[in-house]
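Going down the list, the protein sequences come from chains A and B. Each residue of the first sequence is one higher than the last, beginning at 1 in the working numbering. Each residue of the second sequence is one higher than the last, beginning at 1 in the working numbering.
Everything labelled a hint here was simulated from the structure, so no lab data went into it. Hints may be right or wrong, so weigh each one.
[To be verified] Derived lysine to aspartate or glutamate pairs resembling EDC-like cross-links, with alpha carbons at most 16 angstroms apart:
#1 A:LYS434 to B:GLU421
#2 B:LYS65 to A:GLU306
#3 A:LYS434 to B:GLU420
#4 B:LYS75 to B:GLU6
#5 A:LYS434 to B:ASP64
#6 B:LYS293 to B:ASP277
#7 A:LYS434 to B:ASP351
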Amino acid sequence: MPLNRPNPVRVVVLGGGTAGWMSAAALAKLLPGVAEVELVESEDIGIVGVGEATLPHIRGFVERLGIDEASFMKATHATFKLGIDFRDFGHVGERYVHPFGSFGEEVAGVQFHHYWLELERQGLAEPIGHYSLAVAAALANRFRPPTDDTALSSTYGYAYQFDATLFGPFMREHGLTLGVTRTEGRVVEVRRDPESGDVTALVLADGRIVAGDLFIDCSGFRSLLLGDALGEPWEDWQHWLPCDRAAAMPCTHVSQEIDPFTRATAMPGGWRWRIPLQHRIGNGYVFSSQFLSEDEACAAIRGAAEGEVLADPRVLRFRAGRRRQSWNRNVLAVGLASGFLEPLESTSIYLAQMAITYLIELFPLGGAIDPRDRDEFNRLVDMEYDRVRDFLILHFHATRRDDSEFWNHVRTMQVPDTLADKLELWRETGRIEKYSDGLFYDASWIAVYIGQGFLPRRHDARAALPDPRQVRRALDRLEEEIRREVAAMPGHRDYLVAESERLAPAP
Amino acid sequence: MSVAREQLRRIAIAGDGPLGVLAAIALKRALPTTDIVIIGTPPDPAALAERSATALPFTSRLHDKLGVPEEELVKRCGASHRLVTRYLGWGGAEHEGLASYGAEIDPKLNTGFARHWGVGPRNASAATPPGSLAEVLAAAGRYAPPQPDGSLTLPGVEAALRWNIPAYRDLLVGKAQQLGLRHVSGAIAAVEPDGSGGAASVSVAGGLRIPADLFIDCSGPGAAMLSQLPGFRSTDYSARLPATAIVETRPRAPMLALEDRIVLAAAGWRWDLAGRDGAMAWLGIAAGVDPEKAAAGLGLEPVSMVRVTPGRAAEPWLGNVVALGDAAARLEPLGGFALDLSHRQLDLLLDVLPGRPLSPLERAEFNRRAGLMADRAGDVLGAHYAAPMARAAFGERALSDELALTLDQHVRRGRVPFFEETPLLTRETGSLLDALGFAVGEGALARAEGADDGEARAGAFAARARAALGAVPPYREWMERLVRG
């Protein structure tokens with residue numbers, strides 16, 4: 001235990017939404033004595049409640065914060081998620097699942113998909129999803145947590161689908177028990193040091209002054225501190241990701257089953273989500289206002305909802321892009337105040353968690369911010385954003401759809417060079433550019449490429465070495481093994497009901 | 001519809017040192033229908049990587065994949081395991097520290113928190129392997145490799161092998177013969193261009209001309225094939241790494257140990273490797289010091305000497321010629337990092353192994369990754385020369401941006417940033433830097449009240465250490481049992 005601990009850094013979090021309470025609770029939990037956290041929020045300002053579907057990383061977050069999974073699921077009406085079911089992206093009528101898991105196994109140093117491509121050429125392949133346990137379980141509506149050995153049953157991960165408007169408040173309650181000070185009030189002025197330019201305090205409408213050493217801007221799209229006060233420039237990505245609106249609308253369940261996956265269906269002006277929670281289904285149409293009006297989108301989502309509509313469509317407005325730097329002076333932004341990427345791959349909460357994680361790794365010791373730590377934070381955040389961005393663009397660009405202006409635009413647009421290089425390598429050789437940092441790896445790229453019918457021209461020469469009938473028999477055995485494994489899993493709803501401490505009371 | 005590319009008809013490999021032969025074995029196993037020809041070019045007197053009789057734990061995994069199991073190396077090549085390297089005198093005259101391998105090293109090191117806490121690959125599980133024992137085992141002289149049947153597991157502990165170089169080469173040559181690989185001898189006399197930046201054929205002294213679809217240049221730092229191509233360019237590392245004179249000395253009495261040592265003195269470094277066929281020592285002599293005298297002063301008998309001109313091929317794959325080992329990057333043998341690099345580049349080639357037609361995109365991807373691999377291996381060596389006492393002995397060197405960031409973060413925050421294609425795990429890097437005298441700093445997590453409670457962690461670690469010591473036999477006992485076999 002260090003004896004000469006400096007005074008705690010006074011951290012002020014502005015904004016009481018998902019990102020704000022995630023940040024406040026994580027700092028209070030992991031940096032007691034190092035950080036003193038005060039969160040300023042106003043009941044007058046609603047929260048966006050971004051991201052109803054999540055990625056497996058959130059499990060580590062919940063666990064490390066000392067939160068019991070069952071109580072977390074109960075509070076947020078959460079269900080389990082094994083992946084995303086993409087429909088109509090490559091072409092209308094096509095479908096694939098991007099799983100939290102991989103496909104088949106590498107053989108003799110050659111990745112599975114090369115063998116699959118070879119069988120496909122010979123007309124001997126089943127859809128590649130047949131060789132993924134996560135895909136098979138998802139489509140069979142079954143769920144069981146993976147094992148932690150090296151068996152087939154360990155080859156997938158899972159995340160949650162939850163009510164994002166409940167997640168923020170749940171984190172708030174948890175944050176308050178961890179010692180976060182909550183201050184209710186609306187910020188009317190941001191005070192800055194005339195010499196250094198650092199933010200020194202927030203002035204609230206009732207005249208109170210909240211002073212701090214480090215400010216975390218979680219004010220959402222408004223980006224009150226980083227964007228407004230410090231004028232951090234915005235890097236706009238709308239030309240690559242033109243969707244800038246979402247019409248969201250909940251409805252009731254229509255069947256007894258609960259899908260253990262999120263569904264994303266491509267639409268003429270964008271795409272729509274369908275996220276099953278414990279007692280309702282979240283729906284939303286993410287669209288580009290260049291190509292579709294808000295009224296049209298609202299009508300479309302009403303028409304698409306399967307169950308009884310529980311509320312009128314609510315339209316959210318956003319813009320793809322990010323602040324040039326997420327951390328400038330003594331202000332850093334987490335969540336929408338730092339940037340936005342549309343929810344197609346459920347990355348919003350991940351991006352907030354990622355920023356919080358790097359902040360904890362690079363947290364200013366004793367309050368003085370070392371510019372080297374700030375640069376490192378920005379380097380890491382940029383890398384994560386850029387890689388997610390490219391992966392999202394892929395979903396729109398790798399398409400044969402030509403049935404609307406929107407799809408014609410995204411299909412033919414110029415993509416970032418970083419993505420163009422990856423596409424070219426895949427097209428010519430069937431290979432995935434390799435990196436170990438960031439979010440989406442080989443299996444994810446393969447799922448989308450193959451799922452959207454974007455097959456390469458050539459694959460690895462070694463895949464043609466074995467007798468194709470033998471390869472097919474090996475794949476049949478794998479498929480059979482997967483089928484047995486899935487058959488032994490309980491249904492998703494049955495699993496939830498059997499562990500009823502995870503269930504919220506019916507509304 | 002995607003089609004498989006045509007198989008390569010013939011691959012010619014220049015160089016029949018251990019790396020060339022290993023590459024030939026790997027390629028034959030990957031492409032059984034391809035004709036593989038090994039060209040035994042004269043040994044390059046300036047060879048560097050292959051002077052090292054050891055690499056890192058990765059090499060054992062590669063060997064295993066290529067049908068060269070560890071057990072065979074132990075039985076036939078005098079191989080033994082290293083768990084730790086002791087660094088003496090790098091941080092100061094009296095300073096010493098241990099560098100070990102494996103995911104779990106020092107419970108105090110908080111490096112890699114981000115990767116352990118839900119940032120990273122989407123498809124990975126959130127589980128993290130805790131705990132490290134290499135140092136405990138080395139100190140007790142106990143070790144046995146984990147058993148595939150699960151009867152012995154040592155999570156988080158990894159070992160590197162060291163071996164007898166001539167016996168190792170003989171073993172590989174025997175395997176190459178079993179695979180029916182062709183071998184011709186002679187220097188590369190000419191490289192006939194193919195008109196598109198590569199080679200149509202290579203002529204060997206004596207007149208034999210060998211055409212091939214793909215050429216692998218394992219001929220040593222002279223890069224007998226790659227350097228003949230019009231696109232050949234070299235990237236110089238001399239601003240970052242010194243032109244150390246490497247002295248190989250005559251092996252001494254056999255020695256079985258789980259620890260090796262690297263000592264720094266005013267004249268340079270001395271690297272001592274234990275070995276069942278004789279203990280080995282290499283010297284790295286600073287400019288301005290007479291290598292002969294330095295060796296004599298240590299009671300060592302020099303057998304060869306070479307001066308490093310550190311650098312790498314800007315693009316190790318040009319046209320249809322792929323350079324591996326010293327032909328791709330010239331790094332000194334210290335610590336086995338250069339040989340590890342050679343082996344990882346070979347593994348990379350197997351990963352993106354081309355067919356016909358060769359794709360320039362595949363080549364670009366290989367060059368991108370191979371370049372990063374060499375740069376990061378250079379950084380690991382650069383960290384040695386950035387150590388306080390090494391700067392005095394070898395002079396001040398510039399740091400790459402990545403190394404500067406790594407050293408700064410380690411010292412101020414106890415954090416090791418991740419870079420693609422780095423040879424060491426983040427914890428291994430932290431351990432090495434500590435051993436080199438870069439005291440590990442304390443990040444915010446370590447300073448938090450009660451967070452990662454030191455006592456609880458130490459207690460859990462001690463329990464794991466006791467269990468491991470109970471499960472693992474004395475290393476000598478294991479070795480004798482295996483060798484008697």
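Could you tell me which of the hints above the structure violates, numbers in ascending order?
-> 2, 4, 5 and 6
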